[in-house]
Every structure is written in structure tokens, then in C-alpha cells.
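Undergrad: In order, the protein sequences belong to chains A and B. First residue of the first sequence: 89, per this note's numbering; consecutive thereafter. First residue of the second sequence: 89, per this note's numbering; consecutive thereafter.
Hints are computed from structural coordinates only; laboratory data are not their basis. Just so we're clear, the structure is a prediction, and the values are computed from it rather than from any experiment. Ideal Cβ positions, reconstructed from N, Cα and C, are used throughout, including at glycine. Some hints could be false.
[Unchecked claim] Covered by chain A, according to a simulated footprint, are these stretches of chain B (three or more residues, beta-carbon under 8 Å):
no.: 1; stretch: 99 to 109
no.: 2; stretch: 120 to 134
no.: 3; stretch: 163 to 170
no.: 4; stretch: 194 to 204
no.: 5; stretch: 209 to 217
Number of protein chains: 2
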Amino acid sequence: MAADKTIEEGLEFTPKFNDNGLIRAIAQDARTGQVLMAAYMNQAALDLTVQTGYATYFSRARQKLWKKGEESGHVQKVEQILIDCDQDCLVLKVSVDAGQCHVGYQSCFYRALKKDSSKELEFIAEKVYNSKEAYKK
Amino acid sequence: MAADKTIEEGLEFTPKFNDNGLIRAIAQDARTGQVLMAAYMNQAALDLTVQTGYATYFSRARQKLWKKGEESGHVQKVEQILIDCDQDCLVLKVSVDAGQCHVGYQSCFYRALKKDSSKELEFIAEKVYNSKEAYKK
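All chains should be built: construct the whole structure from the sequences, respecting the hints.
TA: The following block contains the structure:
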């Protein structure tokens, strides 16, 4: 097979990390299908995720490994790791408790662009936990 | 509100593009919740998506705007555009026909890491259309 055919049609897991050594990782609720968050992993984060069964990401802001929930307790138990055709993006199917976003919502995607607007958002969810409490701010 | 509070809790749509002028955009089937693909948009792609109601991305490989389905016919009608807490990732809830991935599957995420393996994938879907036909290869 040609190189791209091997990547697209093959069964070897060859995640493609970008110039910063990162790959996109989308966390999706395995039960409801809700997209919870979009983050990044480096090789070490991916290895830890596979080894431990709990999602570990690489925080670009803090430039360090970040086990999801290490501070808040809202961990992600990984049920399945999917990869896309060109192997540069992961979807993690995860089992979670209530409250995955640090702002207090179940998902980080709690706002949507208003119909017929290109500027104004609307909330599409309600907070499910007190994030100030969880993060001891 | 502090700047990050405005971004996280405000209702102004202020998508944060990266150093290359791109923002991540995840397409999710509005009906089934399946994650279909993960791509990027620049400002022009986002504007066109909002204006036309059909998903337009920016192709990094071809360095140009790319209306999803312009060649294959498998377009994405945008039902809702969600943005995450720090406004650097979009989720597009889309209505689609059968066959969104150019390889021939409904979703680009048609393989998963095998249980207890860190190297081997398995197919988790079957092809739904003849991509060679659609793309006139």
C-alpha cells in the first residue's frame, strides 16, 4: 500500500503529532454522545491514557501533563480510543460523572451562536456543579 | 468581568484563531451525535459557513477554502454552531447524508485502538459508499 493508504486503511496505530509534538483529542461522553471537550495530547499523555485507562492530556497553557480531574475530581474513564482517517485526531469515548468543564457545565460547549447572528452567543446548558468549590478558588 | 471571564461567561462570539489564523472545528451529526470529522476554519471559512448555512473549512494540505462536499456531493448543512469555554474550538451540529469521510465511511473515525493494545487498530464501521466513484479517482 502507498504511505497514505497504509495510514488510512491500515490497522497500525500511528498517531501523527504536529510540530509541537501534539495531537488533537476530543472527549465524547460514551453514553450520551455529547462532545465534552477538545484538548491535546503529547506521546507521554497518550501513553499514560492507554496504560491507566484514564484520560491524560497535555496542557498547552501550563506546558505539562494534566490528568483530567486531578484537581476537580471529574476524571474521564476511557472506554474506547478512536482515530481518524489521516491519524491526526483522536476521539476518546469516556465515562464521566456530572460536570466536566471547569466553568461548571457538563460540557465545555455550553454556548451556541444565535440563529441569524454572527456575533451573539446564547447559553444552551445550565451549570451542573459549583466549580469554585471544586477548584478551591 | 476579567478578560477570561468575558470569554468564558460572556455572550460575545470571539473565536480565537491560532498563529496560523485557524480554529479547530468538529463536525457532529445533529441527529445521531456521531463525531464525523475534525478540521480547521480560518475567518473566511467561518464567515462563509455562517452566511451560507453549509460547512466550509480551510484545507491545510491544499491551503485553500474547502466547501465540504464540493467534489463528493456529501455536504454538511449546519444546524448549530457551538463554541467551547475558551473559545478556541467549534462544534458544528450538521445534517448529512450517508458517507462523510473521503475513505468511504460515514465518519472519519472508523477505527479504534484494540482493547489491551497500544499499537493495533480495529475497524468499527463499514464503508457506506464508493469513494472512488464519488471523487472520480
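Undergrad: Each hint: holds or not?
TA: Now the hints, each set against the structure:
1. 99 to 109: holds (count 3)
2. 120 to 134: holds (count 6)
3. 163 to 170: holds (count 3)
4. 194 to 204: Since 6 is at least three, the answer is holds.
5. 209 to 217: As far as the stretch 209 to 217 of chain B goes, the hint holds, because 4 residues have Cβ atoms under 8 Å from chain A.
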